[in-house]
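Quick mapping for you: the protein sequence lines, in order, are chains A and B.
Residue numbers for the first sequence follow UniProt numbering, so the first one is 1 and each next one is one higher.
Residue numbers for the second sequence follow UniProt numbering, so the first one is 1 and each next one is one higher.
FYI, nobody ran anything at the bench for these hints, they're computed from the structure.
A hint or two may mislead.
It does not matter which identical chain is used: a pair holds within one copy or between any two.
Here are the simulated DSS-like pairs of lysine-lysine, each with C-alpha atoms no more than 30 Å apart in a straight line [to be verified]:
no. : residue 1 : residue 2
1   : Lys142    : Lys385
2   : Lys214    : Lys385
3   : Lys298    : Lys385
2 protein chains.
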Amino acid sequence: MTDTTRDMLGRSGLIPVDEARQVLLDCLGSHIPDQETVPLDQALDRVLAAPIFAPEDLPAHARSTMDGFAVRAADTFGASESMPGYLQIAGEISMGEAPDGRVTEGTCHRIPTGGLLPDGADAVVMLEHTVPVDDTMVEIVKGVGPGVNILGRGEDIAHGQLALPAGQLLRPQDLGLLAGLGIDAVTVTRTVSVGIISTGDEIVPFTETPAPGKIRDINKIALGGQVRRVGAAVVDYGIVSDRWEVFMPVLRQAVADNDLVLFSGGSSVGMRDLGEQAIAELHPPGILVHGVALKPGKPVIIGLSGMKPVFGLPGHPVSAMVCFDLFVRPAIDRLAGRVTDQLPEATIIARLDRNINSAAGRRDIVRVRLIREDHSWAAEPVLGKSGAISSLARAHGYFIIPESSQGISQDTLITVHLYS
Amino acid sequence: MTDTTRDMLGRSGLIPVDEARQVLLDCLGSHIPDQETVPLDQALDRVLAAPIFAPEDLPAHARSTMDGFAVRAADTFGASESMPGYLQIAGEISMGEAPDGRVTEGTCHRIPTGGLLPDGADAVVMLEHTVPVDDTMVEIVKGVGPGVNILGRGEDIAHGQLALPAGQLLRPQDLGLLAGLGIDAVTVTRTVSVGIISTGDEIVPFTETPAPGKIRDINKIALGGQVRRVGAAVVDYGIVSDRWEVFMPVLRQAVADNDLVLFSGGSSVGMRDLGEQAIAELHPPGILVHGVALKPGKPVIIGLSGMKPVFGLPGHPVSAMVCFDLFVRPAIDRLAGRVTDQLPEATIIARLDRNINSAAGRRDIVRVRLIREDHSWAAEPVLGKSGAISSLARAHGYFIIPESSQGISQDTLITVHLYS
Chain A
1 MTDTTRDMLG RSGLIPVDEA RQVLLDCLGS HIPDQETVPL DQALDRVLAA
51 PIFAPEDLPA HARSTMDGFA VRAADTFGAS ESMPGYLQIA GEISMGEAPD
101 GRVTEGTCHR IPTGGLLPDG ADAVVMLEHT VPVDDTMVEI VKGVGPGVNI
151 LGRGEDIAHG QLALPAGQLL RPQDLGLLAG LGIDAVTVTR TVSVGIISTG
201 DEIVPFTETP APGKIRDINK IALGGQVRRV GAAVVDYGIV SDRWEVFMPV
251 LRQAVADNDL VLFSGGSSVG MRDLGEQAIA ELHPPGILVH GVALKPGKPV
301 IIGLSGMKPV FGLPGHPVSA MVCFDLFVRP AIDRLAGRVT DQLPEATIIA
351 RLDRNINSAA GRRDIVRVRL IREDHSWAAE PVLGKSGAIS SLARAHGYFI
401 IPESSQGISQ DTLITVHLYS
Chain B
1 MTDTTRDMLG RSGLIPVDEA RQVLLDCLGS HIPDQETVPL DQALDRVLAA
51 PIFAPEDLPA HARSTMDGFA VRAADTFGAS ESMPGYLQIA GEISMGEAPD
101 GRVTEGTCHR IPTGGLLPDG ADAVVMLEHT VPVDDTMVEI VKGVGPGVNI
151 LGRGEDIAHG QLALPAGQLL RPQDLGLLAG LGIDAVTVTR TVSVGIISTG
201 DEIVPFTETP APGKIRDINK IALGGQVRRV GAAVVDYGIV SDRWEVFMPV
251 LRQAVADNDL VLFSGGSSVG MRDLGEQAIA ELHPPGILVH GVALKPGKPV
301 IIGLSGMKPV FGLPGHPVSA MVCFDLFVRP AIDRLAGRVT DQLPEATIIA
351 RLDRNINSAA GRRDIVRVRL IREDHSWAAE PVLGKSGAIS SLARAHGYFI
401 IPESSQGISQ DTLITVHLYS
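For reference, chain A alone in the conformation it holds in the complex (with noise of 0.2 Å):
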């Protein structure tokens, strides 16, 4: 076992997250993407594989942003209350309807709000700053520069600017940005795909009621709900018997099947050997870490099969969710070729409400409740076992405690990650 104990490296001790994570991000590197077209309508949360850039002006053509009259700019210079000018009305302009006719000097048209501005005219008065004299004039009581109470042609976006770049996860107003631009179709990456095999002969489907000794699978839902989450398909490989000649013909069938494969089974020496010695066996690089300076989640082997991350995930479920968040959910990103470099991640600020320490040298992900304290909020620890499940699901979020620091204490203002 001592061989498949070192790291690529040769390197057998406990490494810190962020080089772990940065190990497996970097042999991830020159990863592209698969691709695929789909209609604009179906392209919500889906990653855009190249930069969009406008195939044309948006607006196509001036329009008034308010209900008033399209005029030219400097008839209405000065206009003011006591100083009012006046406008021969020469037109209306109709809703969906291209203009008829120019607005010439002493003339505005009628316009509504997201009418089209009819030539001549460089800014619309609103309503409000008239008052009618009678069909053919209209008293102006406030004047306009000229772009006022418009949206020029190519204003929103002009031609050829980029609209979005590459890497983009597609937000609803940026559906809402191409459809305007008439884009109704867009080339994505591919929907990144996960094998999930649990493994263990003591885990039974949490649809059957255990035997002595037997447990419940917990982590294949909680995993597979975080795959979904992060906008991958899930593929379930079962419950599948830590024997060799069983599990390692189902792992290779995982990893052939899928752009990236997690198995999570017991925390044992056993299984840890297990998982070492299959992940090895695949493609290189094979193993590219094994075991974190992290609590929950220590035991985490991270491998690679040719372009294709392995996770050999711990058993306990909180420690394999901590691991997903920390390791697997990158993974997914950049096989998704999503760009995530400038994205800040949301945080709430919290009082911790009392004393918890740590290790020297060892990242820990607390998690905790949040409970409203006036206009701020306190941070409960919810303290349990990374076996027990509850300790998750009671938490609304978790925060760090950095491998520099050997605790918290109460009253310190932390950072809180929402689980959402």
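We have chain A already, so just place chain B on it with the hints.
Positioned in the frame of chain A, the structure of chain B alone reads:
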């Protein structure tokens, strides 16, 4: 028109955002969502209709959380490197099997992580704190207290304890807890159905090239994306003329078919009048709010037909999407029975990079791009008219200028709500 431009309380002015939302939510207070039962593996992101109490102890039997030896803690008291204790190895626990025999005074059983604790034992000494003597004897170099390195029966969650409260959105870890308890189906609230109508004779589908004066439908796909992201379903009623005899039957049908209806169209006076008249023609109470002291989003109309909210959203896409976040989303959550009162919203603290003015008495929603600055973030307002959808596509999030403020100075630390 005068009657329909007053709300149910007879007021005709703009009302504050919080009041507008509260009027609506108060009206929905007595709404009881329909329920349905779904298999656990289809319950991700659904809302629990009733609390769930643990139907049994989890775990059902005490289990080891370490590889090591199951012991009577009392037999190890005081054991240390310099003064080790010695225990006879009387058995071995196999993974997934019920223990054979019990741990008696002076004896121990080998046990793997996850192994079921044999009778008589009340703790586990981890392998690292033992030294093998021979096949029948082990040296204990660190004593343990009762309960150490085991997950006791019911320690994760005990029979009868609250597992999850009603109104909880089911997260991955919640599914894990329920799986652990053998709960393979859950009663959730029915998915909220949202009808969306685009109105206006100037609107064409985004798949078409608009003639002069026409524009592509941006709001349908953008609002549809917002609806899907809060877990509701979209029913599309197409693009409907803003003539009364065409619009009103479609609105009635959409209200009959769905739990909530959005229509969005021009922000012209004519369109607003049509929207208000139409809502007033539905079942009481009718119009709750028309016009909010909000920028962008002022012309929003909020109505209620029985227990079905009906929103007349502004035609400008940015205004429509802002109104969705402020008014529609809370209504959908309420209809879905989701309890959100005790949940904080995660945000980012950022430095505002320029002065921004506002008007007292109005709430401003200012879109921003976030730019990394060493260890913090700068927020750069994305200035753009509310008709310019690109201003939302360029934004990472927004901050709020409250009614009490006339603006925010450069370098003020602001709270940014992210568009995820």
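Going through the hints against the structure:
For the identical chains of this complex, lysine 142 and lysine 385 are inter-copy neighbours only, at 21 Å across copies versus 70 Å inside a copy, given an alpha-carbon limit of 30 Å. In this homomeric assembly, lysine 214 and lysine 385 come within 30 Å of each other (Cα to Cα) only inside a single copy, at 19 Å, whereas the closest approach across copies is 62 Å. Proximity of lysine 298 to lysine 385 under the C-alpha cut-off of 30 Å is restricted to the intra-copy arrangement: shortest distance 14 Å within a copy versus 51 Å between copies.
Going down the numbered hints, you'll see the structure goes against none, and every one checks out.
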